[in-house]
Each structure stands twice: as structure tokens, then as C-alpha cells.
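K.L.:
Here are the chains, one letter per residue:
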Amino acid sequence: MNELKTGLETQEYFINMGPQHPSTHGVLRLMLTLDGEIIKNVEPHLGYIHRSIEKMCEKDQYRMIIHLTDRMDYLSCHINNEAVCLAIEKALEVEMTDRIKVIRTIIDELTRLSSHQLWWGVMGMDLGAITSFLYGFRDRELITDIFEETCGARLTMNYNIPGGLMFDIHPNFQKRTKEFITHFKKKLPEYDDLLSNNVIFKQRTQGIGYLSKEDAISYGVTGPSGRASGFSCDVRKLEPYMAYDRVDFKEILSTEGDCYARYKVRIAEMWESLSIIEQLIDNIPEGDFQVPTKKVIKLPKGEFYQRVETARGELGVYIVSEGKVSPYRVKFRSPGFSTLSAMNKMATGFKIADLVAIMSTIDLVIPDIDR
Amino acid sequence: MEREQLKTTIQNLIPGIELDETCKDYLIGVIASEELYTAAKQLRSDLDLNFDFLFSLCGLDYPDEDVLIVVYHMRSSQFGHTFCLKGKIQGRENPKIDSVTDIWATAEFHERETYDFYGIVFNNHPDLRRIFLEDDWVGWPMRKDYVDHVNIVER
Numbered sequence: 081m082n083e084l085k086t087g088l089e090t091q092e093y094f095i096n097m098g099p100q101h102p103s104t105h106g107v108l109r110l111m112l113t114l115d116g117e118i119i120k121n122v123e124p125h126l127g128y129i130h131r132s133i134e135k136m137c138e139k140d141q142y143r144m145i146i147h148l149t150d151r152m153d154y155l156s157c158h159i160n161n162e163a164v165c166l167a168i169e170k171a172l173e174v175e176m177t178d179r180i181k182v183i184r185t186i187i188d189e190l191t192r193l194s195s196h197q198l199w200w201g202v203m204g205m206d207l208g209a210i211t212s213f214l215y216g217f218r219d220r221e222l223i224t225d226i227f228e229e230t231c232g233a234r235l236t237m238n239y240n241i242p243g244g245l246m247f248d249i250h251p252n253f254q255k256r257t258k259e260f261i262t263h264f265k266k267k268l269p270e271y272d273d274l275l276s277n278n279v280i281f282k283q284r285t286q287g288i289g290y291l292s293k294e295d296a297i298s299y300g301v302t303g304p305s306g307r308a309s310g311f312s313c314d315v316r317k318l319e320p321y322m323a324y325d326r327v328d329f330k331e332i333l334s335t336e337g338d339c340y341a342r343y344k345v346r347i348a349e350m351w352e353s354l355s356i357i358e359q360l361i362d363n364i365p366e367g368d369f370q371v372p373t374k375k376v377i378k379l380p381k382g383e384f385y386q387r388v389e390t391a392r393g394e395l396g397v398y399i400v401s402e403g404k405v406s407p408y409r410v411k412f413r414s415p416g417f418s419t420l421s422a423m424n425k426m427a428t429g430f431k432i433a434d435l436v437a438i439m440s441t442i443d444l445v446i447p448d449i450d451r
Numbered sequence: 014m015e016r017e018q019l020k021t022t023i024q025n026l027i028p029g030i031e032l033d034e035t036c037k038d039y040l041i042g043v044i045a046s047e048e049l050y051t052a053a054k055q056l057r058s059d060l061d062l063n064f065d066f067l068f069s070l071c072g073l074d075y076p077d078e079d080v081l082i083v084v085y086h087m088r089s090s091q092f093g094h095t096f097c098l099k100g101k102i103q104g105r106e107n108p109k110i111d112s113v114t115d116i117w118a119t120a121e122f123h124e125r126e127t128y129d130f131y132g133i134v135f136n137n138h139p140d141l142r143r144i145f146l147e148d149d150w151v152g153w154p155m156r157k158d159y160v161d162h163v164n165i166v167e168r
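Those protein sequences? They're chains A and B, same order as listed. Residues 81 to 451 (my numbering) are what the first sequence spells out, left to right. Residues 14 to 168 (my numbering) are what the second sequence spells out, left to right.
No lab work stands behind these hints, which were simulated from the structure alone. Where hints are given, some of them may not hold.
What the hints assert, rightly or not - With the C-beta cut set under 10 angstroms, the calculated list includes, among others, these residues of chain B facing chain A:
| id | residue |
| --- | --- |
| 1 | Tyr50 |
| 2 | Thr51 |
| 3 | Lys101 |
| 4 | Gln103 |
| 5 | Leu141 |
| 6 | Tyr159 |
| 7 | Val160 |
| 8 | His162 |
| 9 | Val163 |
Claimed, not checked - Here are some chain A residues pointing at chain B (derived, C-beta under 7 angstroms):
| id | residue |
| --- | --- |
| 10 | Met246 |
| 11 | Gly382 |
| 12 | Gly396 |
Said to hold, decoys possible - Beyond 10 angstroms from chain B on every Cβ pair, some chain A residues (computed):
| id | residue |
| --- | --- |
| 13 | Tyr215 |
| 14 | Asn238 |
| 15 | Ile249 |
| 16 | Asp273 |
| 17 | Thr302 |
| 18 | Tyr398 |
| 19 | Lys425 |
We put the beta carbon where it would ideally sit given N, CA and C, even for glycine.
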């Protein structure tokens, strides 16, 4: 209890933010303990869209699991699919052709770009700038169109299968991707004009939601949020998979650890993704887009772990196999779940309005957390 | 640290550990649940190992052997080596293991998840409740002998 100078007695109280709150971008309930407008404690309540994906995997064959993963982090669907495919391919010891590696890398980076574009648009909207939402979606539409032509869907897309890709790329793929790059290179500086250099935006993000490097590691905060705190955790660099060892790109690190740093890291990552695609798009090697695998896959007895870098951080697929057609246990180490656990650390001491900024910059996707 | 070196270092540090090399991705160490907390603390604080990043924690159920296992995947952000520690709990009736929340903060959520799915009680956990399912949910759904005729369709 605080005694104000006026002599009035005050007390802490709590309010519910969510489950239906526009800035949680899904059904997440935060129980806030407040002293006036200052946050004393944030307690997330999860599970509103828990679908027991891990339990379902134990009953499914390996090929079926892939189609569950794009329902987790639906903005990184291709990368999620790829994680399971890579784990299976590693267990079966099948080597991918260069063509598959390069196409998968391009698709991954397009996915990352489209996810960051959506994040950027929504982030602006959360802080009261509706225009950025429309800008983000305008540019994202072009990537969604490319994906629609490639795999036939605009959300919950499936393109990766164990042993390669479902089909070869569309004849227009290279042309349209190059058109997109030219378009987006002109548009990305607009993002800086709208938000990055905006005084109101800076005041609402700079110095807010600080997370130290030690805390980032201890809480397992990966991806752009972890790298903004100086935690070098880019799986593409640490454990290169697919064609990431043959492209030249930088791991974006920052030491500030506040909301603005997380924002800047993502903007810089968009430039890096563009550069990765540019290096590969003209050099897609000839070859097969599929390596033959059995129709019903049986993994050898043992356990396998594969990690990939999604738009949100490190996604790990842990498969324990007993040598049957279905896995004995599957665990998805989802980036959002660990990042959310650091929310209390980041938000304590700030105001409710700052919590909206913090939630935007750690880029939560709720199905990824609830699984 | 290379795998051979990692093997000798861990074996010297924790004599009671049983090392398993069947996995290509990382070295696995199995230890009894009573000694797990001490082992985890040693792995975290040893300057040559420095496993500061617990990236995954999950449960495993083996009803035939009457065993529950808690799997800790850890990595060193400084050296980049990975290790998988498994705490073996004998007896599925009333499983208990010490919490590692004071070693790795991320364990708080992960242990709640494991409690929610497997019913493993983590001693000294600051706030052990179900995390995904409702508080009044009956049973531990990720256990192999869990039956739910309403929500699980048998094929």
C-alpha cells in the first residue's frame, strides 16, 4: 500500500487484458497487477487455442505431422514444415539436391519477409498508426500471390515434403520474385519514414521493455527479440541448413535490448532477407525437385532433433522414434512460448500503454505458443 | 567443445551419470531424478561447460518400465556445444523431481507444461499449476495410458 502525499490510501489492483484484446493478436489473457498505471506483475494465462498437436502427432504418420505444423506459427508456415522435413530427412539419411536446397532457402526467406511485413504493419497499428497496417499488407500481398501460385494456398501453406518439394516451382516464380524485390527495395525506405524516424514512435519504444543479454539467454528468448539483446542465436549462422552456408548475410545484433532495438533488428533483417533472395534467385541449379522416399515413412529407433530459424526464433523439433510408422513422442520447442515467459521481466515497472509496445515487438503468434 | 572432450568432462564432473551416444545430434546423459538438480547446477556453473541456455524441457512416458523421464536440452551460448540431460523418475504413481527454475528462468513455463501433460510434480517450483488445460481437468493427457473417449478418436 502506498501513501500518497495527499494522505490518501491507495492499493494495488488487477485487471484482465484479453483474452479478446486487439493487441494480443489472438486469444491470450494477461492478468496485470497494477499500482495506478504502473505494472507490478504480468501473469499470462495460456491455452485458449491449445489443440494438443503433440498428442495428435503420436497417432499420425510422419507425412501427416507436417500439415499440423503450419497451424502453429501460421506466419512461418513454410519454415515450420521444413523443420519437420529436415528432421525426417536427417533420420533417414537422405541427401537433398542443390535445387531443393536453394528453392527451400528462397521460400524460407520470402516467408520471413512476409511475416516481418505483417509484424511491421500491425506494430504501427498497435501504437495508433493505422497507415502502416495498410502499407504492410500492400507489400505482403505480392509475396502471398507468389506463394499462391507456387503451392495453391495463401494461409496454412504446404510446399515442403520429406524428400523435397511437392512440385517444381511455377514458371513465373523467378520473374515475380524479382519484380517483388525491385518493388520492395523502393518501399522499405518508406517504412523508415513512416515509423523508424517518427518522433512519437521513438518515444513510445526507446528505453521501453528492456531485456538484458543474460536474461534473454536464461529465459530462452531467441530470434530477433533475443538478438536485440545481444544474444547471438541465429540458427542460420550457427548450424547452417539448406543453402544458408553458401549465401552471404549478416547476423543482426544489437545491444540496447529495448523495444526500439527489437524493431530495428527486424527492419535490418528484412534487408538481409532481400539480399539472400537476390543472391539465389538467378542461380537456381538444375536437378530434381524430389528425392525418392518411401510412401510410408518409418524412422529408425532413436531420437532426433532439428532446429531452424523461423521469423520468431528458434523452432526445435524433437522426435523420439521406436521404429514404427508413428513417432513415440514429438515435442515442438516453439520460440513464442519461451519468449512469452520473459514478458513479466520486460514489462514490470512500465505502464499499460508500454505493454502494448512490448507485446508488439516480441511478435507473438498465439497458436505457436499454445500448440 | 568436441564430443569426446565433452564426454570426459561431464563424466568427471558427474560420476553418477550414464552417457548414451546413440544420438547423432548431441550427447545424452541419463541420471536418477534425485541427483538431477545437483547435476544441472554443475553443468550450468562449470566454466568449461557453461550450459546457460536451456532451450527445451519436456516429458517422456514409458509405462512398460514404470518410468517417467524429464528431458532437458541445453546449449552453451558461449561455446556452442549441446547436451541432453534426462532425469529418470522411477514409478509413475507419484512422480517428483526438483525444479530447475533458479538455474534457468525459462524452466518455469516448461515445467508447468510438463506438469500439465504428465503430472510430474516439480519441487520448489514457484507457481506449479496447469498451463494449457483447465484447472479442473482430470488426468495427464500426454501419458500413454490416458483414455478419453470423448476428445480422442481412435482410428
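K.L.:
Evaluate each hint against the coordinates.
P.N.:
Each hint, compared with the structure:
1. Taken as an interface hint, tyrosine 50(B) does not check out: its beta carbon lies about 17 angstroms from the nearest beta carbon of chain A, beyond 10 angstroms.
2. Evaluation of the threonine 51(B) hint against chain A yields a violated restraint, the C-beta minimum of about 19 angstroms exceeding 10 angstroms.
3. With a cut of 10 angstroms, the hint placing lysine 101(B) at the interface with chain A is violated, because the nearest CB-to-CB distance is about 14 angstroms.
4. Taking 10 angstroms as the C-beta cut-off, the interface hint given for glutamine 103(B) is violated, the closest approach to chain A being about 19 angstroms.
5. Because the closest C-beta pair between leucine 141(B) and chain A is about 14 angstroms apart, greater than 10 angstroms, the hint is violated.
6. Annotation: interface hint on tyrosine 159(B) holds; nearest CB of chain A at approximately 9 angstroms, less than 10 angstroms.
7. At a threshold of 10 angstroms, the smallest CB-CB gap from valine 160(B) to chain A is about 13 angstroms, leaving the interface hint violated.
8. The interface hint given for histidine 162(B) is violated, since its Cβ lies 15 angstroms from the closest Cβ of chain A, which is over the 10 angstroms cut-off.
9. Among the interface hints, the one on valine 163(B) is violated; its C-beta lies about 13 angstroms from the nearest C-beta in chain A, farther than the 10 angstroms criterion.
10. Taking 7 angstroms as the C-beta cut-off, the interface hint given for methionine 246(A) is violated, the closest approach to chain B being about 24 angstroms.
11. The restraint placing glycine 382(A) at the interface with chain B holds, with a minimum CB-CB distance near 5 angstroms, inside the 7 angstroms limit.
12. At a threshold of 7 angstroms, the smallest CB-CB gap from glycine 396(A) to chain B is about 6 angstroms, leaving the interface hint in force.
13. Annotated as non-interface, tyrosine 215(A) keeps its C-beta farther than 10 angstroms from every C-beta of chain B; the closest such distance is 35 angstroms.
14. Taking the minimum C-beta to C-beta distance to chain B, about 21 angstroms, the non-interface status of asparagine 238(A) holds against the 10 angstroms cut.
15. Every Cβ of chain B is farther than 10 angstroms from the Cβ of isoleucine 249(A); the closest lies at roughly 31 angstroms, confirming the non-interface assignment.
16. Under the 10 angstroms C-beta cut-off, the non-interface status given to aspartate 273(A) relative to chain B holds; the minimum distance is some 36 angstroms.
17. The Cβ of threonine 302(A) sits about 8 angstroms from the closest Cβ of chain B, inside the 10 angstroms cut-off, so the non-interface label is violated.
18. For tyrosine 398(A), the non-interface assignment is contradicted: its Cβ lies about 6 angstroms from the closest Cβ of chain B, within the 10 angstroms cut-off.
19. Residue-level check failed: lysine 425(A) sits 8 angstroms from the nearest beta carbon of chain B, not beyond 10 angstroms.
Going down the numbered hints, you'll see the structure goes against 1, 2, 3, 4, 5, 7, 8, 9, 10, 17, 18 and 19, while the others check out.
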